[in-house]
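*Asks:* Residue-level listing of the chains:
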Amino acid sequence: MAMTDELRVSVSPRLSAVRSLAQMVEEFGDANELPDQQIYMINLALDELITNTVSYGLRGVSRPKIEITLQVSENRLVLTMEDNGRPFDPTRNTNPDLSSPVDERPVGGLGLHLIKTFADRVDYEYSDGKNRLVMEHDLTPAAR
Amino acid sequence: MDIEVAEERNDEVLVLLPVGRLDSGNARSFESVVMDHVSSGERRLVVDFSRLDFISSSGMRVLLIAAKALKAGEGTLVLCSMKNHIEEVFRISGFDRIIPIKESREAALAASS
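Chains as they are written, first to last, in the numbering used here: chain A, 1 to 144; chain B, 145 to 257.
Only true hints are included.
Away from chain A, derived, C-beta distances all over 10 Å, residues of chain B:
hint, residue
1, E148
2, A150
3, V157
4, S176
5, S248
6, A254
7, A255
Only part of the chain B face toward chain A is listed, based on derived beta-carbon distances under 10 Å:
hint, residue
8, I199
9, S201
10, E232
No wet-lab data here; the hints were simulated from the structure.
We put the beta carbon where it would ideally sit given N, CA and C, even for glycine.
All chains, please: the whole structure from these sequences, using the hints.
*Replies:* Okay, structure coming up:
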């Protein structure tokens with residue numbers, strides 16, 4: 001499979017958008033024969049990123065915009081999110097505490113850890129008034 | 145957005161079965177269902193995942209809050225019957241080391257008694 005397939009969605013900046021987007025990602029993933037685990041991880045990342053952006057980054061921003069792009073090629077899956085909210089680099093967030101006992105664990109910070117675990121490369125830049133987060137995941141032939 | 149949660153009782157263990165998706169859109173609703181039970185005195189909770197297809201980190205956060213609250217009152221929270229892709233996420237996040245996950249409802253009930 002040498003072609004590149006792409007899903008591009010302008011997401012309405014509301015929490016409820018996560019669910020309709022998840023449906024589209026599932027259909028796109030099925031059409032491209034992505035493993036269920038990968039479709040799941042993409043939706044997990046999107047739930048986290050969109051929730052953060054809608055709740056914090058875009059609050060009070062006029063004409064808020066989020067654009068999600070998902071590209072699948074022979075050996076790579078690329079998930080890109082762009083928004084025109086306040087500059088926020090999620091890759092600089094500290095790693096969460098995964099080892100302490102349950103009653104000592106801070107609540108939160110987990111979603112970004114999952115994203116970093118899922119992606120082989122995560123890049124962030126802020127330019128032209130936009131946050132741009134690119135997550136790349138290598139696909140092995142066996143996983144397709 | 146509300147989540148549908150089926151409830152079954154097995155002696156002193158209350159089993160909760162969230163249905164469908166547990167994400168940032170309905171995590172608050174799930175939190176109030178779970179914490180209402182904890183504050184009304186339930187001490188042994190099992191969350192059965194057999195009817196759950198998706199859980200995001202906001203849903204997992206609710207389980208962490210419940211586990212903390214129950215542990216503070218000498219109670220227990222046990223999870224069971226997870227689909228493979230969900231169990232993988234619990235493993236990656238280290239949740240499997242702090243909240244017990246059992247293969248079946250029977251094993252979860254045995255661990256709760």
